[in-house]
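So the sequence shown is numbered by the working numbering: it starts at -4 and just counts up by one.
Think of the hints as simulated: they come from the structure by calculation, not from any bench. Just so you know, nobody snuck in bad clues.
Here are the simulated lysine to aspartate or glutamate pairs, EDC-like style, with alpha carbons at most 20 Å apart:
{"no.": "1", "residue 1": "Lys217", "residue 2": "Asp165"}
{"no.": "2", "residue 1": "Lys217", "residue 2": "Glu126"}
{"no.": "3", "residue 1": "Lys49", "residue 2": "Asp262"}
{"no.": "4", "residue 1": "Lys52", "residue 2": "Asp262"}
{"no.": "5", "residue 1": "Lys207", "residue 2": "Glu246"}
{"no.": "6", "residue 1": "Lys138", "residue 2": "Asp173"}
{"no.": "7", "residue 1": "Lys49", "residue 2": "Asp13"}
{"no.": "8", "residue 1": "Lys176", "residue 2": "Glu141"}
{"no.": "9", "residue 1": "Lys203", "residue 2": "Asp173"}
{"no.": "10", "residue 1": "Lys207", "residue 2": "Asp219"}
{"no.": "11", "residue 1": "Lys212", "residue 2": "Asp188"}
{"no.": "12", "residue 1": "Lys52", "residue 2": "Glu19"}
{"no.": "13", "residue 1": "Lys251", "residue 2": "Asp188"}
{"no.": "14", "residue 1": "Lys207", "residue 2": "Glu126"}
{"no.": "15", "residue 1": "Lys161", "residue 2": "Glu141"}
{"no.": "16", "residue 1": "Lys161", "residue 2": "Glu145"}
{"no.": "17", "residue 1": "Lys161", "residue 2": "Glu19"}
{"no.": "18", "residue 1": "Lys176", "residue 2": "Glu135"}
{"no.": "19", "residue 1": "Lys212", "residue 2": "Glu126"}
Simulated DEER-style distance windows between Cβ atoms:
{"no.": "20", "residue 1": "Asp224", "residue 2": "Glu100", "range": "36 to 46 Å"}
{"no.": "21", "residue 1": "Ala239", "residue 2": "Glu129", "range": "23 to 33 Å"}
{"no.": "22", "residue 1": "Gly237", "residue 2": "Glu145", "range": "23 to 33 Å"}
{"no.": "23", "residue 1": "Arg267", "residue 2": "Phe229", "range": "32 to 42 Å"}
{"no.": "24", "residue 1": "Arg220", "residue 2": "Gly249", "range": "18 to 28 Å"}
{"no.": "25", "residue 1": "Ala53", "residue 2": "Ser81", "range": "17 to 27 Å"}
{"no.": "26", "residue 1": "Ala78", "residue 2": "Ser55", "range": "18 to 28 Å"}
{"no.": "27", "residue 1": "Gly140", "residue 2": "Leu227", "range": "22 to 32 Å"}
{"no.": "28", "residue 1": "Glu135", "residue 2": "Ser55", "range": "49 to 59 Å"}
{"no.": "29", "residue 1": "Ser81", "residue 2": "Ser247", "range": "36 to 46 Å"}
{"no.": "30", "residue 1": "Met218", "residue 2": "Ala148", "range": "21 to 31 Å"}
{"no.": "31", "residue 1": "Ala148", "residue 2": "Phe221", "range": "23 to 33 Å"}
{"no.": "32", "residue 1": "Ala239", "residue 2": "Gly50", "range": "38 to 48 Å"}
{"no.": "33", "residue 1": "Ile156", "residue 2": "Lys228", "range": "24 to 34 Å"}
The C-beta atom is built at its ideal place from N, Cα and C for all residues, glycine as well.
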Amino acid sequence: MSSFSPPHEDVWIMAFVDRTCRPETEVWIFGSWESSTPSHRSKDCEDLVMALVKGIKALSVPESIHQSLLDHVSGVSRKDYSAHLSNPNLILCGAVHESTTKIFEELGLIGNVFDRVGLVPNHTYVFNVSELPEPRNLPEGLKWGELRYEHFAIVRARTQIPRQDKTLADLPNLAIYDAEKEVPIAWVFVGIDASLTTLHVEEEWRGKGLAKMIALKLWREKMDRFWEDGVLKFTHDYVIRGNAASVATSESLGGKHIGDTFWVRLDMSLAR
-4 MSSFSPPHED
6 VWIMAFVDRT
16 CRPETEVWIF
26 GSWESSTPSH
36 RSKDCEDLVM
46 ALVKGIKALS
56 VPESIHQSLL
66 DHVSGVSRKD
76 YSAHLSNPNL
86 ILCGAVHEST
96 TKIFEELGLI
106 GNVFDRVGLV
116 PNHTYVFNVS
126 ELPEPRNLPE
136 GLKWGELRYE
146 HFAIVRARTQ
156 IPRQDKTLAD
166 LPNLAIYDAE
176 KEVPIAWVFV
186 GIDASLTTLH
196 VEEEWRGKGL
206 AKMIALKLWR
216 EKMDRFWEDG
226 VLKFTHDYVI
236 RGNAASVATS
246 ESLGGKHIGD
256 TFWVRLDMSL
266 AR
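Working from the sequences, and respecting the hints, build out all of it.
If you want it as C-alpha cells, here you go:
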C-alpha cells in the first residue's frame, strides 16, 4: 500500500503488507526521508507514518498461515505466538530504517507486549553484484545442494530469528553438504525482501571460507528473479549487532554499511 495525498510531493511512504504471515514479519516500509540526511525530516514524515499505520489498522485481518503452529509450540514460544496471533492490533515490521524507527518511537506506537530485549539494531550492508569476487571451488569432500523439509528444524535451532517451515519452504536456498555423510554443513536463504538471510556454517567447518562461497553462489544463481534486465544489480544483508563473524564476512565481500535497521513490533491500538 502507498500513502495518500502527502503535504509535499517529495515526501512519501509506501509499504508491503501481508498479514497472513503473522506472527512473523508482516510489513516492510520505505519512506522517502530514509535516503536523506536527518535534517530533512519534517512533521510531514510523522503525519505520513501515522496515516500509514491507521491505514493498515483499517485493513481486514485474514487468518495467519501459521495459525496451526500453536498446536506444536509450548512454554514461552506459545505465549508469544498466542499474544501476537490473538491481537490484530499487533504487527511486526521488518528492516525498519533507523530514522523511521525513531518516528515510531516518537509517536508512541511501539508495543512492548512481550518483547524482552527491546530494539536491537541490524547493520545493513549493500553489495554491487558486478564487483563481487569470483567464487572458489569447494574443498574436497563437500558438494552443493539444497535444503529439504526435514532440515528445517535444525535451521531454526541454529538462528536467532527462527522462521517457520512454511516460510522456509517458500524461500530459495542453497546448501553445502558433507558428501560422505549426506548432511548439510552450511546453508543460506534468500529472504522475503530478497536479502541474504539465515546464513550459517556448522562450527567444525568454520574458517574455510564456506560462508563467502555460499553467499557468492546464492547471489549469482538464485537471485535473477529479483532483478530487472538492464539495471545495476545490488543485493543486501542484515547483520545483528554483536555478530562479529558475519560483519567480517560482509565486509570481506565488499559490502558497504549504509545504516542500521530494526525489527519493530507496533501496537496499532495506540494510533489515534
